[in-house]
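Enquirer: Those protein sequences? They're chains A and B, same order as listed. Count along the first sequence starting at 1, add 1002, and that's the number in my numbering. Count along the second sequence starting at 1, add 2, and that's the number in my numbering.
Hint data in this document are derived by calculation from the structure and do not stem from the laboratory. Be aware that a few hints might be false.
[Stated by the list, open to error] Subject to a maximum C-alpha distance of 25 Å in a straight line, what follows is the list of computed DMTMM-like cross-link-like pairs (lysine to aspartate or glutamate):
1) B:Lys47 - A:Glu1142
2) A:Lys1358 - A:Glu1063
3) A:Lys1358 - B:Glu130
4) A:Lys1105 - A:Asp1120
5) B:Lys47 - A:Asp1335
6) A:Lys1094 - B:Glu120
7) A:Lys1202 - A:Asp1286
8) A:Lys1358 - A:Asp1120
9) A:Lys1254 - A:Asp1066
10) B:Lys47 - A:Asp1120
11) A:Lys1105 - B:Glu120
12) B:Lys47 - B:Glu120
13) A:Lys1094 - A:Asp1335
14) A:Lys1358 - A:Glu1295
15) A:Lys1176 - A:Asp1253
16) A:Lys1105 - A:Glu1142
17) A:Lys1094 - A:Glu1295
18) A:Lys1183 - A:Glu1063
Each chain is listed here by its residues.
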Amino acid sequence: MADQPDPANRYRLPSLSDPRGLAGPAVIGVIVLGIAAAFAWVAGWLSPERLSPARMVDTLESLDGTHAGFRRAHAKGVCVAGTFESNGAGVKLSRAAVFRPGKVPVIGRFALASGVPDLDDGGIPVRSLALRFLPPGGDEWRTGMNNIPVFVARDAASFRELSLAARPDPATGKPDPDRMKAFLGTHPETAHAFQMIGAKPQAAGFGDDTYSGLNAFRFIDAAGTATSVRWAMMPAAQPTAALPKPDAAADKNRLFDALAAAFADGPLQWHLVATIAQAGDPTDDATAAWPQEREHVDLGTLTLDHIEAEAPGNCRDITFDPLVLPDGIAPSDDPLLSARSGAYSESLRRRDGEAKTPSAVQPAARKGA
Amino acid sequence: MARPFPLLSRLLHWLMAAMILAMLFIGIGMVGSLTDYHWLVSIHKPLGAAILVLAAIRLVNRLLNPPPPLPGGMPGWQRLAAHASHWVLYALMIALPLVGWAMLSAAPYPVILYGTIELPPILAPSPETFATLRLLHSVLAFALFATFLLHLAAALMHALVYRDGVFESMAAPGRLRNRTG
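Chain B with its partners taken away, still in its complex shape (with noise of 0.2 Å):
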């Protein structure tokens, strides 16, 4: 029935679903322990930088490679909800790592990502504005969990209620196979 992601987008799908993922839990983690905190922001700063890289990627990628349609007898409401939390999600996954990055710029804080591989500050320093961005940051943290609940519970619909092939799509290994609902 529904025609699979492209390789490319399936294989983007899930790395960057494991990263975020990762990158939620480290995130949440590391305001909440001190014995924890250093460890997990230094892996927390070139996680997100290479999350924003990769949904950069990605969005080009689904331009060029569009998605495969849903299947034709899903409700409008359905629809509506599965477009729109995939461009939340969108929104949120580039959002959040150019937020991080102002934020430590703003604070001021070195972004350093590794050794002597340093981002350049994009903002001047200044507290108000670190103290609005370090907000908005953990606002769209809770954003982007709560939407990737939603997606997950919606595929696991998919996979276990509607059984209609879209988690299929998504999570068919290898290369492209004919399906049938």
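The shape of chain A in the complex, shown without the other chains (with noise of 0.2 Å):
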């Protein structure tokens, strides 16, 4: 530095009178407007069309309105609990502790897959079921499964195409069948999803339905070995009627209601069944199937056996992510999976914020015999 500042004048701010003095100051805040002009560029804030997690809520949020304090997608839902007992035919696959044979205890969620909080029972034919596996000494593993073989999308800007092109017209109250059609021209994985869902068998009730875990993931095993798999909750057969009566079709809440009449007539079980994957089997898709001959593995034993209200500190506060996941299951290439865990973790964001109704659904709340 050949030229050093008068020392005595060293500290004096810049000043427009002296324009030689400005160069220094300029290109400090070149530089500082640059990395915050990065900062908002990473953000998002220069890309308006860009998916965030936010965006994507405030889809939902438009779609099936706002409802302060529940869950902006499977609103309307009622809280279980159980146990899990692994048969120990996982640990070959995965070494997560879950797997391990013995028991696991399970707190859950049965929901309809809408953003409605008091939504006719009928109202969408979709249904879930999400899992939180709480083996001691932590490693827990959640999963949220749906009752549909495969999922609508194959990512989360097509879901939320999906969604805007099925949103009723408020003119008819239907959903205008171009803008469908448009979509599904574009879209041949959803309209063959579609064709999948529309030939599973559709269950009476949430008791006796099948759920699926939609995504791949991979289990890793001791060796650290990784294996491509998918999985779904298998009813067991049932043994008391878990079925809504043919005349409570004036009841909102007939499934839930069935719901809890099963629980009191004892346990309701499924098996959790995993789907190996072979080479070629797409893991990023969960709008394609794997083929039916695919070998499955069954894990262990759901048994749920008690019922209650969504209330402070049970499933009602619990966020599903399908990415918490223990050491032994990780993600696959899915991008769903992301998608997932961003919109559940600012939906858990907004609605945690805000003050609490009661559900619509209050069984009494029962241990099963």
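With the hints in hand, could you dock these two chains into one complex?
Expert: Quick look at the structure:
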């Protein structure tokens, strides 16, 4: 530095009256603003078309309304609890604690796949079972499953577009058929998924349905070897009729009421079944089924014996983020997983900051026989 | 003129500068993209834990190895701004990871750093607490980014305009070297 500033005036702030002194501050301004601009770009503030968790949840709110305190999807639900008894068959596939032989406490939630918390139970055919496995000593596992064999969209952007295309036209009360046709024209995977979903026999109620994890995951064994899998909860033959009575059609909560009645008769059971992928089976596309003949491994039995209304501290306050995974289960390359995790987190952030109102589903809390 | 910072202080400063700047961009990036959310979150948590540990080490180091004094000619308000901003930076680099950890505990989410390395919860689950801490985490992160920009601007003012050796006292490479203003 040849020209040192006069020490006496060194710390004078630059003045517009002396343009020679402005070069340094100008360079600094460019650097600082450049970093701030990079920050804004990474934040997505310069690209409003980017699909952020907030934008996705905004879309859900625009479709189903904003219902303070409730999750933005699968809003109407009920809490359950029980145990998962692993038969040990999963140990060769995954080192996760939950698959060692023995029992693990589970809490869960049955819900309708809609953001409307007081929806009529017949209002949407898609129903869900979300579970939280809590082995002692950590290694928690959460999964959100639905009663459809494949998902309806390949990625979050398509799901958002599909949701908007399926939005009822205010004039007719029905979705605009042209808009849906246009969407299906550009998304044949969704058209195919709709066929698969339509071909599945509709279960009568929550208690006798099959709930699929939809997304692929990787089971990691003790040696570190990964196996691509999908999983589903298959109903055990339920001894009692967990079904809504035919005359219950006027009851908005008929499916939840039937579920509560079934719990009164005894625990409900499902088998956790993993489907093992073979090379070439798509792991990044939840709309695409794997061939029927793939190996299925029964990993153990889920026994749910307790049902209660959503309340502080129970399943109400849990987000069933499918990427809360134990060591031994890892995400696949399915882009929906990151999207679900991000959107669920945003939904939790919003609803946890809002006043809570009681769920429309209020079964008398009961323990199964 | 200005004596350089001790070598360990300079190492910690530049290491943490890179980590904290990366952390701020990762944090704002993950809430801005569903596609990138998961891989960014999975870096955010262990990096935050590492920053908390390093910040604690750095605080102890600062007490054991005090920084060189500011040049005598600096006006009072600039000295005040320098000292205040440094303590704000320390406070935020410790508070942000703690708030993040507490917020995940309250959510509740397991605080998994990597594989089986998991931090215990430091708060009981509570939706209200999660919502408050989640907001606080954002507010403090923006405050840290703003303070970082001011800190950078001030450092560059020392380097390019005041040329008083303050920038060099932190930017000096290698072992202690005699510097003249």
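Enquirer: Take the hints in turn and mark each one as holding or not.
Expert: Structure-based check of all given hints:
1. B:Lys47 - A:Glu1142: Given pair B:Lys47, A:Glu1142 holds - Cα atoms ~17 Å apart, limit 25 Å.
2. A:Lys1358 - A:Glu1063: 17 Å, holds
3. A:Lys1358 - B:Glu130: OK: A:Lys1358 and B:Glu130 at ~10 Å, within 25 Å.
4. A:Lys1105 - A:Asp1120: Answer violated: A:Lys1105 to A:Asp1120 is near 35 Å, above 25 Å.
5. B:Lys47 - A:Asp1335: 21 Å, holds
6. A:Lys1094 - B:Glu120: 24 Å, holds
7. A:Lys1202 - A:Asp1286: Holds: A:Lys1202 and A:Asp1286 sit about 22 Å apart, inside 25 Å.
8. A:Lys1358 - A:Asp1120: Since the Cα atoms of A:Lys1358 and A:Asp1120 sit roughly 14 Å apart, the hinted pair holds (cutoff 25 Å).
9. A:Lys1254 - A:Asp1066: 17 Å, holds
10. B:Lys47 - A:Asp1120: Not OK: B:Lys47 and A:Asp1120 at ~37 Å, beyond 25 Å, violated.
11. A:Lys1105 - B:Glu120: This hinted pair holds, its Cα atoms lying about 22 Å apart.
12. B:Lys47 - B:Glu120: Measuring from Cα to Cα gives roughly 10 Å; hence the hint holds.
13. A:Lys1094 - A:Asp1335: Status holds; Cα separation ~22 Å.
14. A:Lys1358 - A:Glu1295: 46 Å, violated
15. A:Lys1176 - A:Asp1253: Between A:Lys1176 and A:Asp1253 the Cα gap is close to 24 Å, so the pair holds against 25 Å.
16. A:Lys1105 - A:Glu1142: Holds, at roughly 14 Å.
17. A:Lys1094 - A:Glu1295: With a Cα-Cα distance of about 20 Å, the restraint between A:Lys1094 and A:Glu1295 holds, given a limit of 25 Å.
18. A:Lys1183 - A:Glu1063: Within the cut-off at roughly 24 Å; holds.
When each numbered hint is compared with the structure, violations occur for hints 4, 10 and 14.
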